[in-house]
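**Q** Sequences and hints are given; from them, build the entire structure.
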Amino acid sequence: MIGSLSLKAVLGTTLALSSISTLVHGLFPDEAGRIDWYREQMGVPKKIVPYTGGNGTSIFAITHRNVLASLNPNSGEIIWRQVFGDSEPINTLQLRDDQALTHSGANESYVRVWDAATGSLKWEFSHPEAPTYKPSSGAAAFLDGNKDVLAVVGDSLVRLSADQSKPVWEVSLNRTATYKRIVVQGDVAYAIGDATQTSKARQQRLHVLEVNLATGSLAKQYDIANGMSLGSDNLVVIESKEYGAYVVWREEKNIVWMIHRLGMIKPMWDIYHAKIVQVELMPEDMLASTISELDLDPGLNENVPRFALTYTKEGKTKTVVVEMFRTDDKLDMRKVVGFRSDNGVVASFGSALPVNEANKSAQKQRTVVSVRSYNNSVAWRIYSDDKAPTHTGEFAYNPATYGPVTGASLYYTNNDEPRVLVQTGGGLLAALAPNTDGPLWSRDESLAHATDMAFMELPPPASSAEHAAKATDPSVVNSPLVRYILRWVETTKSLTMWVSSGFGLLDSTDNTASSSADLASRSVAEALVPTSPLTTGDHFGFRKLSIFGTSTGVVAALSTQDGTRSWTHWFADNGTSVKVEHIFVTRRTQPLSEDAALVTVVGRNARGKTVVADLDALTGLPASENAIQWLASGHTKVFELPVVDTATNQQLIGIITDGKEPQFRIWPSTAAGAKAFFAISDTVFFDLGGSKGSIQLRGYSIERSSELEISSWNKDSVASTKRQWAFDLPEGEILVKETEYRNGAQNTALLGRVLGDRSVLYKYINPHLVTLATLRSEGGIGIYFIDRVSGRLLHSAIHKNARVTAKQPFLGIQTENRVIYQLWQDGSFAPVSSNSTGKHQATTSGYITVVAELFESDKPDTREDSKAFSSYDILLPSVVTTAFTAPEAASALGITRTGSHITTRDVLFGLVSNKLLSLPDQLFDPRRPKEAPTKDEQAEGLVPYAAPLVLDPKRVLSHYNTVAGIKFISSAPTHLESTSLVASFGLDMFFTRTSPSGTFDQLSPSFSKVNLVVTTLALVIGCLLGGPMVRRKMTNQAWE
Amino acid sequence: MSSSLKLLAEIRQSSERRPFEVLKLSEPLLNKGSISQAGDDVWLVYEQVFIAAIDEGEIDVAKAVLEILHKRFGGSQRVKRLYGMINEAVGYPDEAKKLYDEMLEKDATNVLASKRLIALLKSQGQYSIAIQELVSYLDTHGNDFEAWLELAHLYLANHLYAQAAFCLEEVILQQPANHYFHLCYAEVNYTMGCLDIALKEYLRVVELSTDNVRGFYGIKLAADRILDITSHGAGKSRDSSHFKVENAPQKATLERLSQLATERLVAIYSGTNDATKKTVEAWLKL
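If you're matching them up, the sequences are chains Y and B in order.
The opening position of the first sequence corresponds to residue 6 in my numbering, with each subsequent residue numbered one higher.
The opening position of the second sequence corresponds to residue 57 in my numbering, with each subsequent residue numbered one higher.
Accuracy of the hints is not assured; some may be wrong.
[To be verified] Quick list of in silico lysine-lysine cross-link-like pairs, PhoX-like style, CA-CA up to 25 Å:
#	chain 1	residue 1	chain 2	residue 2
1	Y	1038	B	307
2	B	307	B	333
3	B	136	Y	1038
4	B	127	Y	1038
[Unchecked claim] Calculated from the model, a selection of chain Y residues having no Cβ within reach of chain B, i.e. all distances over 12 Å:
#	residue
5	94
6	113
7	331
8	630
9	645
10	649
11	770
12	772
13	785
14	869
15	939
16	959
17	1040
Simulated from the structure, these hints should not be mistaken for laboratory data.
Every residue, glycine too, gets a C-beta built ideally from N, C-alpha and C.
**A** Put into structure tokens, the structure is as follows:
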């Protein structure tokens, strides 16, 4: 009895252990950073402030990706960062007394004070939405002498006390102006804004408000600077403790500067240019001149107010730094520093004060840096007076990679060594130091603005025998014997290398060393341009190129294995970045083809015009002279066509452009491409009106062009389209999001699902399935499944209590015969189907993840009885849906992809808690039994239904990394069926490999080849020793 | 391995008794010492050489080889048997018998010792004792058809036809496809007067072996004899009661069988010289 019990216990434990071992998807500690890589990013800086506080100098930045970050000035690493919400842009950054002040948000705005050393929040103040809010107003500033903050929030001016973090006093601004600037002067403060235009005063001007800081009472308010606005090229606001604060401007068509001291309504000073530049400027030169502010943190300027003037005289552009000074009671200006800033390149400048007190007094003036990028280098000079520059430097830089330098700032290290921080149009941030060749460090922040990404398969390693033979004589490859011998030669070579490298042991320690070094510096770009771009992959397809397109115009190719950069290319139109929207790999490298791999980029310039370009996928250079073409108008939709241009072996891309009727363009727009396309054009359908806010979805087919048109097809040729159907949303509903299959998500290995009784439920897989989510005016979300070809409504559902807002977005993804979407549900957890009586009533609000699975019929072994799938004939699919409650929101959804789709697909969640999670698709089976499972359901392996979706921490792919702001999740198959590459990006980037069904086709990492060899040797020795003994024994036995 | 060792191995495996060749092949091996090339088989070669030497009367060679084997295996039963054999060869059958008895005392199932003992008894002409030994041996090793055959021969030598026929039946049970055993059995039955069985067995012989002359002679003899007995009635023949013909075929069949045998014999001998032909024709009374 006891024996059988213990046997049962042992069996039970074994079963339990084996089931656990299959569930664990975590990775080994030594794999972290080896099979995955992570890049911490902050986005392209809006404003950079080097600040020297109690803990030395660090660089603070607020970015266009709504991140506040503190960078190490010596390495560029992020010391800390705070990621703000997507709808909460950061408007102001100010640093005082080891505290950072930010003002963020629009109507609903926040004032926050952070500890500059650690990034921890000291206090915050939030202001709810105000009906009288003026768009884009908002500013904040520290007060002198104490840690209080003065801020424009909503439609009020408030003084916030650090101790109570609530208003000491509040002044309503009553829509008088859009306030963007606060200047604190002693015991008064000025709020400056663009005055509201009324019917009486239509002209642009500035409105100034003077408040008493102690009481909050309005001292005065007045308008100045007719025709000007804040941020104009001809207006600066300058502050200084000693001289007071001033507004300097030059009115249009006026050659005289107006200077206004804040708080003094009269008198004003007029100053002529000649006194500053000490040259008589012609009126027309003066008219073309601009003035700009110089100090990154004007409030810190303890000495004299300064600004810069840039003018062109006799074809030479010069920049002059101007300083205010007072003689007796008269205020005047004088030139401090002047330098040439032409050669067709805009000069940028920043200024800074040395860190140490001694140097501060020695260098009475603040230093100024000028940076010029020309040809293929960036040169910079630091001036402290009008003499020769004190420091100069130059470094080689190709503007085609990240664009020209657009901004610079200067800071000093703790030893008062000057450092120059330059920023380029493409989003590169680089720190330069005197007497160094390259940049001290650099950060590529363009990738935080990625808009699309494509994986590009790299050719297998060139060292393989076929490639070696191909290099010498292609004919020998035909002989299998030669191939066999070559393979052995290669293998022997690599074996000797392996042996000479100490059996790979030394190599692996090297790797761990470098990977741990990577961990420390992974946020820092490795090199601006790699010396040897990645051209070959590996045998397993783990190393591919991931080609990113960004809204800063940068197209960058990164290795999927370690994130090293292969190439970058900056797209610009007249010096301003093109917003890259789509990346397609249109030609892969073929083993025996000379055609270079191609990547096609579709972007849009600031005016909405579309550019299409073919780049060589291995070098990033334009593929040919005509590889970059501007279309006459902007595009509304771009998609890959299922056809290849036979002449160039390039996959075609279809571009829908605006016109009276939508126009269809083919890329590459050649006669051969057109011919290839019109051979299949009957099968191409697309829909328009899928954007947010639309109330109608329209389906189109493409009209066949005449033979003559096809044979003379060129870049201006368009095919006309014919509207096939229109799907009007019900009254009062507007579209939130259109979801369709992406990246081959409709591919499948199995046509049906085998049930427990061996019958089959056939999947309804329609590549033209489109899911619409709509917002209903009476509340709730409508879901519509539409067929793109026929416009038929296949299924619809209503989530009565659901909601979609900017903070509670709708996310959807289509995979095989499933549609998975996430939305916010208020109050009750109601079932999806529209005719339900609401059986599952619950009272909590939260995110729900809904899965709808489409089958050809609800009866097993029943399927559409036709050879070809037709959108017009097929019966409506049978839809099974289930909803799960999700404990937290996802910001992106994805699906793993493998070569043959035999491996199950994991559903990938980019969580708002900065994790990348993968959940098995069995969890999302809508057929999971709600009651006790029947025998058939057990045999099918269905997991009993449970409403909460458990976000198992063991399945977090990003392990300890904080992957913030995931917006996109992409996946690519490898040559191993079990393994899938997963990439997530948005703000941070995280790449890894995952095996949803386990690594069934790989040796486990703990498998020791050394052990295998040793065991084999031991067996051989055993045989050699034991053989004679056994033979002797057998002989003796025979002769007994 | 040298070719002579290979040849020796072949001879050993086919159980052929070619002592002269074995000695001739092994002589250089023994003299040069290259016999060790045989590896683990060297002892089998020595044993083979030993038996061949005895067969050829090369007692000195046999003694030398036996010395080697004795040195290696000492008190081995297998070596003891070889001592027995050499005793037989040099004319000390009693010594040999004593050795064999000792071996059997130690292990009553020692096949080789039993066989040697039986062979020894047979060679001494002690048939009855040999038969006794062989019968007790066959009690244990009933599947040894060669032993059954040997026993049949011993019985025949003592004109014990019924016992011999029984032994041959056992042999045929184990080796049913060998026509020679059928022939022996047929002849024993013919001798005993079981003509019906004899005819059947002769027919089986010609079935298994095409144009078997002895088989056809047997068919002719048996068929004619049965015809003779059945046509002349029981009383007429001298001692027809000694013959068993109950299970014989019909008269017509017998006649046709006799005719067939005649035809085949004539056909078989048609290619031979005239004298032979004539003799055959005379016998067949043509």
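**Q** Would you mind marking each hint as holding or not holding in the structure?
**A** These are the hints, each one checked on the structure:
Among the hinted pairs, residue 1038 of chain Y with residue 307 of chain B is inconsistent with the structure: their alpha-carbon atoms are about 67 Å apart, more than 25 Å. With a CA separation close to 28 Å, the supplied pair residue 307 of chain B and residue 333 of chain B exceeds the 25 Å bound. Between residue 136 of chain B and residue 1038 of chain Y the CA atoms are separated by roughly 20 Å; this keeps the pair inside 25 Å, and the hint holds. A threshold of 25 Å between alpha carbons decides the hint, and for residue 127 of chain B with residue 1038 of chain Y the separation of about 17 Å falls inside it, so the pair holds.
The beta carbon of residue 94 of chain Y sits about 91 Å from the closest Cβ of chain B, which is more than 12 Å, so the claim that it is off the interface holds. A cut-off of 12 Å between C-beta atoms confirms that residue 113 of chain Y is not in contact with chain B; the least separation is 96 Å. No beta-carbon of chain B is positioned within 12 Å of the beta-carbon of residue 331 of chain Y; the least distance is around 117 Å. Every Cβ of chain B is farther than 12 Å from the Cβ of residue 630 of chain Y; the closest lies at roughly 78 Å, confirming the non-interface assignment.
Distance check for residue 645 of chain Y against chain B: the nearest CB is about 72 Å away, which clears 12 Å, and the non-interface claim stands. At roughly 67 Å, the least C-beta separation between residue 649 of chain Y and chain B is larger than 12 Å, which holds for a residue marked as non-interface. Distance check for residue 770 of chain Y against chain B: the nearest CB is about 68 Å away, which clears 12 Å, and the non-interface claim stands. Residue 772 of chain Y, annotated as away from the interface, keeps every beta carbon of chain B farther than 12 Å; the closest lies near 72 Å.
Residue 785 of chain Y, annotated as away from the interface, keeps every beta carbon of chain B farther than 12 Å; the closest lies near 91 Å. Its beta-carbon lying about 67 Å from the closest one in chain B, residue 869 of chain Y satisfies the requirement of being farther than 12 Å from that chain. With a closest Cβ-Cβ approach of about 61 Å to chain B, residue 939 of chain Y is found to remain outside the 12 Å limit, as its non-interface label requires. Listed as a non-interface residue, residue 959 of chain Y keeps its Cβ farther than 12 Å from every Cβ of chain B; the least gap is roughly 60 Å.
Against chain B, the non-interface label of residue 1040 of chain Y is violated: not every CB pair exceeds 12 Å, the least being about 6 Å.
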